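My request is simple: use the sequences and hints to build the entire structure.
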Amino acid sequence: MTDTATRGRLLSPAIRLAGGDCACAACGHVLGPAADPWKHHAVRRETPLATAGGHGWDTGDDAVLLRQFFCPGCAALLDTETAMQGDPPLIDRLAGA
Amino acid sequence: MMQNGEASYLVATDVGGTCTDTIVFGSDGAIHIGKALSTPPDFETGVLNSIASAAGPMGMTLESLLARTHLFIHGTTVVDNAVLTRDGARTGLLTTAGFEDTLHVTRGAYGRWSGLTEERIKHPVKTDRAPALTPRDAVAGIPERVDCDGDVVLPLDEAAVERAVRFLTAEKGVEAIAVSFLWSFLNPDHERRVRDIIARVAPGAYVTLSSDIAPVPGEYERTSTAVINAYAGRITRSYLTSLQSQLAGKGYGGATMVMQGYGGLLPADEAADRAVGLIECGPAAGVIGARFLGDLMGDRDVIAADMGGTTFKVGVIQNGQLEYAREPMVDRFHYVAPKIEVVSIGSGGGSIVTVDPRTGLPMVGPRSAGARPGPICYGQGGEEPTLTDVMLMIGYMDPGQFLGGSITLDREKAERIFRETVAEPLGLPVEQAAIGIYRIASAQITDLIREITVERGLDPRDFVLHSFGGTCGMLAAAFGEELSVKRVVIPYTASVNCAFGLVSADIAHEYAVTLTLPADTPAERINALFAPLEEQARAQLAAEGVTGDRVRMEWSVDLRYSRQVHEVTTAVSAPTPLDGAGVARLVDDFEALYERKYGKGSAYREAGIEMTMFRLTARGLMPRPALPEEAEGAADATPALIGRRRIFDATGGAMAEGTIYDFTRLAPGMEVTGPAVIHTPITTIALHSGHHARMDRWRNIVVQYHA
Amino acid sequence: MDPMTFSIIRHRLFRIVDEAVITLKHVSGSAITNEGHDLMVSLYRADGTLLMGGVGFLHHLTSAAEACKAIIRRFAGDIHEGDVFLLNDPYTAALHTSDIYLVAPIHHDGRLVAWSACFVHVTDIGAMNPGGFAPQAVDIFTEGFSSPGIRLVHKGEMRQDVLDTILNMVRSPEMVSLDLRSMIACNNVARDRMQALMAKYGAEAVDTACARLIEQSETLLRARLRELPDGQWQSRQYLDVNGTTARVVLTMTKQDDRLVFDFTGSDPQSPFSINCTKWASLGGLFAPLFPLLCYDITWNEGVIRPIEMIAPEGTIVNCTRPAPVSVATVGAIQSVNNAACTTIGKMLAASDKYREEATAVWHANHFAIFKFGRNQKGGYSIGILTETFAGAGGARSFADGVEIGGEIPNPISRMANVETVEGAFPIRYLFRRRAPDSGGPGMYRGGTGGEMALVAHKAPDGGIDYVISGKGARHPMSEGLAGGWPGAPNSYVWVKAPERGNTPAAAAGLDDIPGTAERVSWGVFPLKGHDALYVRWNGGGGFGDPIARDPDRVAADVAAGLVSADSARAIYGVALADGAVDAAATAALRAGIRQDRLAGGMVQ
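Chains as they are written, first to last, in UniProt numbering: chain Z, 1 to 97; chain S, 1 to 707; chain P, 1 to 604.
Simulated from the structure, these hints should not be mistaken for lab results. Computed from a predicted model, the values in this text were never measured in an experiment. Quick reminder that beta carbons are idealized off the backbone N, C-alpha and C, glycines included. Be careful, since some hints might not be right.
20 Å max Cα-Cα, derived DMTMM-like pairs, lysine to aspartate or glutamate [as the list claims (entries may be wrong)]:
| # | chain 1 | residue 1 | chain 2 | residue 2 |
| --- | --- | --- | --- | --- |
| 1 | P | K278 | P | E308 |
| 2 | P | K496 | P | D512 |
| 3 | P | K458 | S | D149 |
| 4 | P | K200 | S | E481 |
| 5 | P | K377 | S | D149 |
| 6 | S | K172 | P | D578 |
| 7 | S | K600 | P | D461 |
| 8 | P | K155 | P | E218 |
| 9 | S | K597 | S | E327 |
| 10 | P | K377 | S | E567 |
| 11 | S | K126 | P | D512 |
| 12 | S | K486 | S | D295 |
| 13 | P | K200 | S | E451 |
| 14 | P | K377 | S | E327 |
| 15 | P | K458 | S | D147 |
Stretch by stretch, here's where chain P covers chain S in the computed footprint (C-beta under 8 Å, at least three residues) [as the list claims (entries may be wrong)]:
| # | segment |
| --- | --- |
| 16 | 301-307 |
| 17 | 593-600 |
Laid out in structure tokens, this is it:
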């Protein structure tokens, strides 16, 4: 049996599709049906990028956000975006999901 | 055999990657050759073995030969080896504060892609820099600053230097320290004071100043040079010291001269402090040897091609002048030092032949079977077909006569694997597939040499091609024809070419002053720059015992068009010291050279011309050994004819019956016409229809294309 | 055709492009061409389709194909052996006016059989700001000379009136003349070598080989695409200019052996010159596609066939005339590069076979700063700060990004030495080094970018001026992958010296330069008196979760000054004691971070 058959398909190194669901690749926590954008089922946190940490992140503008998506099960960081307030999350999906 | 009783000898030994070669010139006019395996990292053993192997057939011992040797000349890979195997000293770096990352940043991506093949450059996700020779935490920034005129903007913080030296030696355990400050080539004062402080605080540390080893603009390359030199410094010094003492232990009482990458010789004691000067000195010697032979044969324009088991190297001699590398590298590290340009690619007899499963196309390389396991036919464990196996299948190698019969070639196994992995996937009979591979290899070398000559603004049709190395002879006549070179020469000394180059070199010291002056600068100003350099050089040569008419002072100047990046080193052809007319001639020569190099219409006179560097090469002429000459006799080569067999004839595009000759039975004047092969002790010379080869009075094989 | 002859012709076509590039660099002799490798040379078939792309700024390969086609349309029936055509109108094919295409037909036995095309970024094009990038431009008419196609050389003879007219419109006519001559020489070499190839093997055999080479590339790319998962991936780029923000939004759909790049949702075209035309967007998405998906496939028309682009008209990625576009190459085009790099990277990362080919975005944000003014020798100089070519590598699925390691769309660039710049311009560096915390955090960290500060030094006019087309100081643009953070954004700061201050001799960092800091990003500014200009450029994006990073690697980063101790704790959850990892404290920190993540966030 191939890797894919045993482990399901990967949408990204952090997200696995198996048994009709999206799941955290690290802990297996289910992030909703595969047809749904998994980000709707993840913990989302938005912080002004200017305070994200470290020399060099001070953009002088609080409207620019670091948007992170965490696994509700194991708190793994699943995806990171930069976004303006209100911009929709980026949606990635595999065909046939 | 000639009686050796009265003769004295010149011995030259070059350490190569695989073999250490020796050539011995006797005052009786005889030449002797020795070969032994190189013995890294204790290269001295291989050197002594190689000299002994030359002594044996002379009826002498190592000791008796050395006792009658008046000069020993040496080329060594000790520095290349130390860098490649990361076997140098723990090295720290002191540099201008605020610029501590210069070495590790390598001018951006430059250090990531330099030295990679185009295939790898097109695949950037899989590329990285080589880790630097000094770790980043062994770099200390020193408050100090000099500007573009050499003026001090911020004085040297001597207390900070002392702290940094203690930190590097005590905390980081460094044994060698490179010092490289911004603009130090214009004002070396700060670097020199640092050297004094190190001598006081850490007297055991090996020190290299960038302003000593590379007094030229460009802080990244200058810093990298200082680091390489510091890194390999102690190994170099201890190797040369040990070699000289071992030679002395075997009875040698004369001087040892060491080859430099720029093609000149330095006394061993001086060479010991300039490790970077030794980088690739062997290949440089090879080009020097080709120039010497070219001069002897009346050919001033030579392409020297060397193809052995793993690498293909090309050097270009134009009008008797050598090309210097623009951006020399060792391993993947840049450095700046005058070095003869030898372009090297990983292609040789060991290049593995495959068929790309995706495209069904045959490929030669880039993987190589190297010396081990080597080609299938050598029977040393090789399981993949190589270019050498292909040569066997198209009749260029005699299975029973390889290397004087010392190895029997396994043609059957080579053919079987080649059939399975190459011929059948191509849908071709073995012979046709092998012919195709030969054509591809020949065409690819043609492309490479054309690109190298184009880069220098040269036309291969004006050149004679010298072929060196075990694989080159089988291809040289074919690619030489496609390049339309005047003729191809396979030199008699081809098997020990680099050692031969050692004895064709002079003592040479290089000096330079960096200063930007307009092209209309008065001659007196220029002469005033050269005068102290000449004085220094004469004293140096005198200390080495070179005086009077053995001294040559050669001036050259780097010029450029303002606002353009290409600088061209232009030899001063007028008598020196210069007068006004001499300066004008220099500028004219530069303009002609620039257009030749960079193409018609490339000159940008409107912006004005600047001189940027003033270079002195001080030569101490060495006596040239005379190559033995014999009168050319009859053309009939029948006495050397040893058989006939089917060989590939590129002219006809098919296998044909060829005549087979034994090089050792050929005599000067004899002629061979293709299709034919000449077996020499180290290679096979393949001749195609329309190729005429003749042994000349120095026993070189000269191939011409028109009768 | 037998596979041997095909292999030989293929190899020679590669070398022809190489030789032409050498010629271009030789004759030009300019710093931007030779150091920045801001150039391109490629061969095209008789119909203008791409035959063999060379290594240069890769977003030009398809645009130059369109330039060939535009010339074919315009001059049909009037194209002669020895002709050279110039084209630099962005609304016809070019990327921006200062990247001039010279396009030359190649004839064999009197028949048009192929084209060669090349570009360099010319020293000046007569736009309202010197150097080609014109942040103050309001439309294409203020961006200098532009031509949809003009014959520069007729049957081997230079049309002097045309050349003189062009040179009459630019600031540095001698240098531009040399740039044009270098491109003519380059095309000549390509033509001569192609003709020699056809003389040896016959025009028909060469043409057959070319056709087969294209088919082969198409077959190989389609086969690779079939191996990758079908799906849809999105990315988004923000371009902040002068207080405004514009979005480039990309949805990439991969189905079977086809890829569609859809920019629907991108913002309307900008009043500023960051816009790009559709040909530029097409080039922009191919620039990363060639090295990321076709690293072992010949770059030609065959690679283009499986790819489709949708770019709505009137948007920043397909602007309509007369919108200004002079900053496009470092504006919308670079954002298209970045967005495509991200979606391709996401697709590759979803494949077990190709995960190692995935990369977070490299150096996503050029800062085009052109210095101009009287230099210490009294002459007038224009020149780009080549640090913009130094770049930074994105993190990969198996390794960190390369510190200051370049960029994907231009695989062989480099920056000039400090001494080279100080020798040519009346300025002095206070520092130039890797910028701590600039690499995008992740399990594998993005490569750091750099930072530097400049002051005027021994300047006859008290300093110089510079044109800056800076963006990305508010928005980081080097996106991460698989949870990795983006690389830190750029920063451009004018430090105004205190009254009666002195020019500093050295500085440990931005905070160490005396004076008041003011952000600058767009327009023309002075670097004069005792003031300083500070520039920091972005690091590469990270890959994976930062708290999954090997703590020893974090400790090494801190020791090397690449990551601050604060960031090590706050972002990576690594506690250090005397420079070494404190394992227990690290475990506790990371557990705390996990708790915070779940406590502070929300499930939608």
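- Query: When the hints from earlier in the document are held up against this structure, which numbers fail?
  - Reply: 7, 8, 11, 14, 16
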